[in-house]
Amino acid sequence: MILWDLLVTFLLLGAFSFGGGMGSMELIRSRVVEQRMWLTNAEFTDIISISEMTPGPLGINIASFVGVRVAGVPGTVVATMAYVLPAFVIVIALSWFYYRYRSLKGIQGVLKGLRPAVAAMVMASAVKITANAWFGGQDNISFGNANAAAVLISLVMIVLLQNKKIGAVQAILLSGVTGALIYAVLGMAV
Amino acid sequence: MEKQIREPHIYRKLFTTCFMISACTFGGGMVIMSLLQKKFVEELKWISQDEMMDLIAIAQSCPGVMAVNSAIIIGYRTAGAAGAFITLIGTVLPPMIILSVISMFYRQFRDNYVIALLLKGMQAGVAAVLIHTTIMMCRNVLKDRRVFSVIMLAAAVYAAVFMGVDIILIILACGCAGGIMTFAEMKKEEGSA
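Chains as they are written, first to last, in the working numbering: chain A, 1 to 190; chain B, 1001 to 1193.
Some hints here could point you the wrong way.
Pair ranges (Cβ atoms, derived) [unchecked claim]:
#, chain 1, residue 1, chain 2, residue 2, range
1, A, 5, B, 1146, 50 to 60 Å
2, B, 1183, A, 35, 40 to 50 Å
3, A, 140, B, 1114, 22 to 32 Å
4, B, 1185, A, 162, 29 to 39 Å
5, B, 1112, A, 143, 27 to 37 Å
6, A, 3, B, 1187, 52 to 62 Å
Dumping the calculated DSBU-like pairs for lysine-lysine here, alpha-carbon to alpha-carbon at most 30 Å [what the hints assert, rightly or not]:
#, chain 1, residue 1, chain 2, residue 2
7, B, 1013, B, 1045
8, A, 164, B, 1045
9, A, 128, B, 1143
Okay, the calculated bits of chain B under chain A, using three or more residues with CB under 8 Å as the criterion [said to hold, decoys possible]:
#, stretch
10, 1017-1023
11, 1056-1069
12, 1092-1104
13, 1111-1118
14, 1121-1132
No wet-lab data here; the hints were simulated from the structure.
Beta carbons: idealized from backbone N, C-alpha and C, even for Gly.
All chains should be built: construct the whole structure from the sequences, respecting the hints.
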C-alpha cells in the first residue's frame, strides 16, 4: 500500500538524514528515485530548485512534494509527518537530558565549549549567503563584482536589526520589496 | 526541567511565531534558526542567549532538519511536550501547503519576473539577518573575556569558514576541549584548596 510505503521510507530518511539540507540529499535521492522510483532524476533536481525558491527547509519540501505527487494530500501529510517523527522523539529525549543534567559542572564545560562552534557555524553560513547575495557566489569576490544595491540593503538592515528597530522577517520582506524596486528601475536581468 | 513560560495563549503564540517564520523564510536551517533566536531571545526574552546556543548544538546533533529540530526544542523548553508538538506543526505546515500548491504551477511560478526580482532582493535581507546573528553570538562567546574563549572561537571560525571542515567534527572537538578545560580547572582548584 502506497501510504504505508511512504511512511516506512520517510521514517527511515528522517532517522538518518544528518548534516541537514544538502548533506542528506544523496540518501533521499537514492531511496526516492532509485529504490522506490517515485520520481525521475530530473524531477528530483526540479524539487531542489523549487525548494530554493519557496520558504521552508529542504528536507520538508522534498517530503511534501514527493507525498503529494505519489498520493495526493494524504500522501503529503504521511510523508512529512513520518520524516519529522524520528527527530521529534530524539530532540525531546536530548532536551530532557540537557535540562536534567546541565547544572553538572562537567556538562557545563562541554556546553560552554560548544558555543564557539555554534557561532562559527552561523558565521560560515553567513559568509556563504552574503557572498552569494553581494557577489553572486564565493568564487566572484572582488570589488568590481559587488552588487552595490544588495550591499547597501544588507548594511541598512544590519543596523536596523542591531538597534532592534525591526524583526528578522520584516528585514527579509523589506529587503525583498526594496531590492525588487531597485532592480526593476535599473532594468536588471534576473 | 527549567520552569516553563507562564503566559496566556502561549500555544497560539508559539504556533503563529513558528508558522510565520517558516512561511517567510527562504534558505536553510541556519537562517530559520537566526529568526527564532531574534524572536525568542531578543524580543520575547523567553530563552537566554547561552541557553539558545546550547539548544542549537543539541538540534544540530540530532538527525533530521535543523530548522524543525530548533523549533521542537524551543516548544519543549517553553511549554513542554505539547508545546513541542505545536511548534512542530507550525513549522511544517507552511512548506506542506505551499509545496502542494506549487507542485501544480511550478513553471509559471519560476518564470514570473516580479517573483524573481523579489527573491533576488530577499537574498540581501537574509545575508543581513545572518551577519546580525553572527555578531550577537560572537559577542556572547567573548563576553567572559577569557583567552580560552578567544582561541576556541578563532580556531572554530578558521576551521568552519576557511578550511570547510565538517561542522560535526568542529562541534565534537569544541565539546571535548570545553570538557577537558573544565576538568583541568577543577583539578587546579582541588590542588590549591
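Against the structure, the hints come out as follows:
1. For residue 5 of chain A and residue 1146 of chain B, the hinted distance range of 50 to 60 Å is satisfied, since their beta carbons lie about 54 Å from each other.
2. Residue 1183 of chain B and residue 35 of chain A have their C-beta atoms about 46 Å apart, which keeps the hinted 40 to 50 Å range intact.
3. Taking the beta carbon of each, residue 140 of chain A and residue 1114 of chain B are about 26 Å apart, inside 22 to 32 Å as hinted.
4. The hinted range of 29 to 39 Å is satisfied by residue 1185 of chain B and residue 162 of chain A, whose Cβ atoms lie roughly 34 Å apart.
5. Checking the proposed 27 to 37 Å range against residue 1112 of chain B and residue 143 of chain A shows it holds: the Cβ atoms sit about 33 Å from each other.
6. With their beta carbons about 58 Å apart, residue 3 of chain A and residue 1187 of chain B fall inside the hinted range of 52 to 62 Å.
7. As the CA atoms of residue 1013 of chain B and residue 1045 of chain B are separated by approximately 14 Å, the hinted pair is consistent with the 30 Å bound.
8. Annotation: proposed proximity of residue 164 of chain A to residue 1045 of chain B holds, straight-line Cα distance about 13 Å (limit 30 Å).
9. The hinted pair formed by residue 128 of chain A and residue 1143 of chain B meets the criterion: a straight-line CA distance of about 26 Å does not exceed 30 Å.
10. Taking a C-beta to C-beta cut-off of 8 Å, the stretch 1017-1023 of chain B contributes 4 residues in contact with chain A, enough for the three needed, and the coverage statement holds.
11. A stretch counts as covered by a chain when three or more of its residues have a beta carbon under 8 Å from one of that chain; for the stretch 1056-1069 of chain B and chain A the count is 14, and the coverage holds.
12. Given a C-beta distance limit of less than 8 Å, the hint that chain A covers the stretch 1092-1104 of chain B holds, as 9 residues qualify and 3 suffice.
13. Coverage of the stretch 1111-1118 of chain B by chain A holds [criterion: at least 3 residues with CB-CB distance below 8 Å; count 6].
14. Beta-carbon proximity to chain A at under 8 Å applies to 12 residues in the stretch 1121-1132 of chain B; the threshold of 3 is reached and the given coverage holds.
Every hint, counting from the list given before, is met by this structure.
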